[in-house]
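Trainee: Those protein sequence lines, which keep their order, are chains X and V.
For the first sequence, my numbering begins at 38 and goes up steadily by one.
For the second sequence, my numbering begins at 38 and goes up steadily by one.
What the hints contain is simulated information worked out from the structure, not anything from laboratory work.
Among these hints, one or two may not hold up.
Note: identical chains are not told apart, hence a pair may lie in one copy or across any two.
Quick list of in silico lysine-lysine cross-link-like pairs, DSS-like style, CA-CA up to 25 Å [as the list claims (entries may be wrong)]:
#, residue 1, residue 2
1, 175, 206
2, 329, 311
3, 291, 236
4, 324, 291
Source: prediction; values computed, not measured.
Residues per chain, in single letters:
There are 2 protein chains.
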Amino acid sequence: MLHITLLGSGGGMPIPTRFLSSLLINYQGRKILIDCGEGTQVAMRKMNTGFKSIDIICLTHLHGDHIFGLPGLLTTMGNSERREPITIIGTEGTSEVVKGLMRSTPYLPFDLAIIENPNKALAIMNSAGGLQVKEYDKSQSHEIIISTIELEHSSPCLGYAFHIARKPKFCMEKAALYKVPKEIWRRLQNKETVIHDDKIYEPDMVLGEERSGIKISFITDTRPIETIPAFIMGSDLLICEGTYGDNEDIEKAKKNKHMTFKEAAELAKVGNVKEVLLTHFSSALDKPEIYKYNAEEIFNKTIIGYDGFTKTLSFK
Amino acid sequence: MLHITLLGSGGGMPIPTRFLSSLLINYQGRKILIDCGEGTQVAMRKMNTGFKSIDIICLTHLHGDHIFGLPGLLTTMGNSERREPITIIGTEGTSEVVKGLMRSTPYLPFDLAIIENPNKALAIMNSAGGLQVKEYDKSQSHEIIISTIELEHSSPCLGYAFHIARKPKFCMEKAALYKVPKEIWRRLQNKETVIHDDKIYEPDMVLGEERSGIKISFITDTRPIETIPAFIMGSDLLICEGTYGDNEDIEKAKKNKHMTFKEAAELAKVGNVKEVLLTHFSSALDKPEIYKYNAEEIFNKTIIGYDGFTKTLSFK
Numbered sequence: 038m039l040h041i042t043l044l045g046s047g048g049g050m051p052i053p054t055r056f057l058s059s060l061l062i063n064y065q066g067r068k069i070l071i072d073c074g075e076g077t078q079v080a081m082r083k084m085n086t087g088f089k090s091i092d093i094i095c096l097t098h099l100h101g102d103h104i105f106g107l108p109g110l111l112t113t114m115g116n117s118e119r120r121e122p123i124t125i126i127g128t129e130g131t132s133e134v135v136k137g138l139m140r141s142t143p144y145l146p147f148d149l150a151i152i153e154n155p156n157k158a159l160a161i162m163n164s165a166g167g168l169q170v171k172e173y174d175k176s177q178s179h180e181i182i183i184s185t186i187e188l189e190h191s192s193p194c195l196g197y198a199f200h201i202a203r204k205p206k207f208c209m210e211k212a213a214l215y216k217v218p219k220e221i222w223r224r225l226q227n228k229e230t231v232i233h234d235d236k237i238y239e240p241d242m243v244l245g246e247e248r249s250g251i252k253i254s255f256i257t258d259t260r261p262i263e264t265i266p267a268f269i270m271g272s273d274l275l276i277c278e279g280t281y282g283d284n285e286d287i288e289k290a291k292k293n294k295h296m297t298f299k300e301a302a303e304l305a306k307v308g309n310v311k312e313v314l315l316t317h318f319s320s321a322l323d324k325p326e327i328y329k330y331n332a333e334e335i336f337n338k339t340i341i342g343y344d345g346f347t348k349t350l351s352f353k
Numbered sequence: 038m039l040h041i042t043l044l045g046s047g048g049g050m051p052i053p054t055r056f057l058s059s060l061l062i063n064y065q066g067r068k069i070l071i072d073c074g075e076g077t078q079v080a081m082r083k084m085n086t087g088f089k090s091i092d093i094i095c096l097t098h099l100h101g102d103h104i105f106g107l108p109g110l111l112t113t114m115g116n117s118e119r120r121e122p123i124t125i126i127g128t129e130g131t132s133e134v135v136k137g138l139m140r141s142t143p144y145l146p147f148d149l150a151i152i153e154n155p156n157k158a159l160a161i162m163n164s165a166g167g168l169q170v171k172e173y174d175k176s177q178s179h180e181i182i183i184s185t186i187e188l189e190h191s192s193p194c195l196g197y198a199f200h201i202a203r204k205p206k207f208c209m210e211k212a213a214l215y216k217v218p219k220e221i222w223r224r225l226q227n228k229e230t231v232i233h234d235d236k237i238y239e240p241d242m243v244l245g246e247e248r249s250g251i252k253i254s255f256i257t258d259t260r261p262i263e264t265i266p267a268f269i270m271g272s273d274l275l276i277c278e279g280t281y282g283d284n285e286d287i288e289k290a291k292k293n294k295h296m297t298f299k300e301a302a303e304l305a306k307v308g309n310v311k312e313v314l315l316t317h318f319s320s321a322l323d324k325p326e327i328y329k330y331n332a333e334e335i336f337n338k339t340i341i342g343y344d345g346f347t348k349t350l351s352f353k
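For reference, chain X alone in the conformation it holds in the complex (with noise of 0.2 Å):
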């Protein structure tokens, strides 16, 4: 189960009534925060999300609107006795900018690791000191596994999909088969391989059939290309650049590398998702519900995104 509040569902300049790019990830307390735009922390206030257990920092891309509130949230964190490390994910460059933007505050009292064009996929485990990211390996069992995809915009710029794995399901029969003790039936359906007893017994004593888990897909800036449906393949919420709302401005979206309502909905169409969520609006685009049949006449579960929006996913 995941929880996710979008902070800002702004593009470009911000504007009193919305704030920039921002999506924050709940997962079993800790969190992933996607994007940072100016003003974040303010609405991680406004929205009372907290902020002092934020794990990995996904940047889709060093546009300011979507960067320009890490320095102030990262300093704020600091002051708040915040300790375990941080780690940030982003284009190449990513260390670079975050360098310069932290170039004022020359101590954090946590360790900033940075991980830049990730070309493989990434694992997640939820320990003691938070989300930890590692190199993903199949063999292994791991939370949520994030992986990442290159947009076309007028930088380099990632779209992020994040799939929490669900643990298959506990088939008592064959516990029972194997004679498997029942306090290591845990350990075992984590898929840890166990030594009790002087025994050894193996997951798939206890394991039945696997299950699918929750998968969301995250993409701004860009135009919609054609890696994008089988990115965002089957997610049960895709969370979607819609810059513009009125099909007219087609043109614009094209010179700007953004997309129209329209081009959203048909890529959440084509990439069969459950649901899109659409954001990013641009600062000209005062009420983006008024064009939500521009979108819903595609694919008719659109939800049209504010400041403030949260929903959560749990395994079916």
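Using the hints provided, position chain V relative to the given structure of chain X.
Mentor: The following block gives chain V in isolation, referenced to the frame of chain X:
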């Protein structure tokens, strides 16, 4: 005449109800910004002050709550067809920090001139290209004179005083006595020596008594050191930090190198200012106005600042 807008009255961490340290001075349609905490550009939009005509940005110091709005503001100005150069004034290290903050915005369509630690007064003239900053030269006339003072904070910090000069009175008797042609009166009153019909006319041929201008001073973040009263002496308006309202917070104020309302009021009194505007309230100070009496007991003309406070100062 000039018009000020308090954009943000908060210090330390931003809170949803208060923007961070920032003040805008409007002089003949051109603007001087003092400090630029995160969210300053949003405050400008909310208060409809405009931002394209900011020519000078004075930074008190390089703590995040005074500067993290800078990259967003400068980027937005660049995206808004701003072309005239901007001068940033600050402590030593300002150039390095601004460069770092702008690392992700490699191109701005205007020049940035940075003046670090000016130990002499600076002079400002309003010309076609906006407010121009030069070294102060007492033999020339200037519209605004900026002077700075070293404050006592946990990092190097500058206080600012702005003196808006008023032209001396025009003396009709002298103009008649020296037979000064009417068409050159204005240039002479502006302290220009004029050659007209092969004769040299000096400003003293039309100038009467000197008239006092307008002085405003800006003091944050600091302890109330003994050099401040002379620096702020006679200000029409002192904008002064009052991080803590409760007199009981004096030990916190000493430790964190800030002031209580009472200490700020004592400065205002000894500095013989006309009025003091308190600002830079701690994020823990929910309702600053309930501590107003702590300042008023010392100095009656105290204003408790709030985001959006405006005041027009005119020549007497």
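Trainee: Confirm or reject each hint.
Mentor: Comparing the hints with the structure gives:
1. 175 / 206: within (18 Å within a copy, 85 Å between copies)
2. 329 / 311: Intra 17 Å, inter 56 Å, cutoff 25 Å: intra-copy only.
3. 291 / 236: neither (63 Å within a copy, 66 Å between copies)
4. 324 / 291: within (22 Å within a copy, 49 Å between copies)
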